[in-house]
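Given the sequences, and given the hints that come with them, work out the whole structure.
Line order of the protein sequences matches chains A and B. So for the first sequence, the working numbering puts the first residue at 6; every next one is plus one. So for the second sequence, the working numbering puts the first residue at 2; every next one is plus one.
Hints were generated in silico from the structure; no laboratory data involved. As the structure is a computational prediction, the values presented were derived from the model and not from experiment. Just so it is clear, CB atoms sit at the ideal spot from N, CA and C, and this is done for glycine as well. Everything hinted at is true.
Computed cross-link-like contacts, DSS-like style, restricted to lysine-lysine with a CA-CA straight-line distance of at most 30 Å:
1. Lys-55(A) x Lys-31(B)
2. Lys-31(B) x Lys-68(A)
3. Lys-31(B) x Lys-10(A)
Stretch-level coverage of chain B by chain A, calculated; a stretch enters the list once three of its residues show a Cβ under 8 Å from a Cβ in chain A:
4. 25-34
5. 41-47
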Amino acid sequence: MTRQKRRIFAILMTLSFIALFFTLPLMENKPLTFVAIALFASLLTQPVRKGLKLSLGNLWEQKDSDLDERQQAIKNQAYRWSYRVMIFASIIVIMIGRTVLQSAVPDTPERAFNLLLWFMVGFALLQLWLPQFLIAWLEPDDIQADPLKEKA
Amino acid sequence: MGTKDNKLTIYNRLQVLRAERGLSRQALAKAVEVNYQTIGYLERGDYNPSLELAFRLSHFFELPIEIIFSTEPLKPMSEALLEYRKKG
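What follows is the structure, encoded as structure tokens:
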């Protein structure tokens, strides 16, 4: 897979996560509907996820001891950037959370809980997806087939 | 000295050496304990090896490191070996 194609796949996955994130508040008090939507989205994005997995292996979830130096370097770079983005996202969430709590927008404890849940889901999605996205973004084009493969 | 985006470009003869020995990327990767994609990236110049990997490749091909890797565009191997032997 070329890097360009992989980046398009990564963007598609990100857009589906964003769509899922913004669907959650609409599904307030309908957790089963949200789960159904999430499963449907997961099914729709299956070919894209499979493509990325084939191209990258499971680089982001493999132990360092199973990876070579180049793979370790790219994984570490992806996680380093993920942590930076996560810290930035945490600051934003704390600031928004504080503002929301101060202005007392969530009029009931239930609404406040739902809002907190929304942020937590977003945070979890970000944490799960970001390293994969960055690895998909950083890896060069896949290597073409080896003409000497048969001789091995 | 070749540089790209302030990063040193390291040229190598891995593809030629591998082809000469009729080795697949998988076979070479297994011998030097890396992923086969890494061999491809090395050959394509997308990745610069660590010193440790460079030594492993040098031992595997039984050639001095400077014959396999260079910071200058590479000359034909016969010419490079002749120069290396002259230097002693």
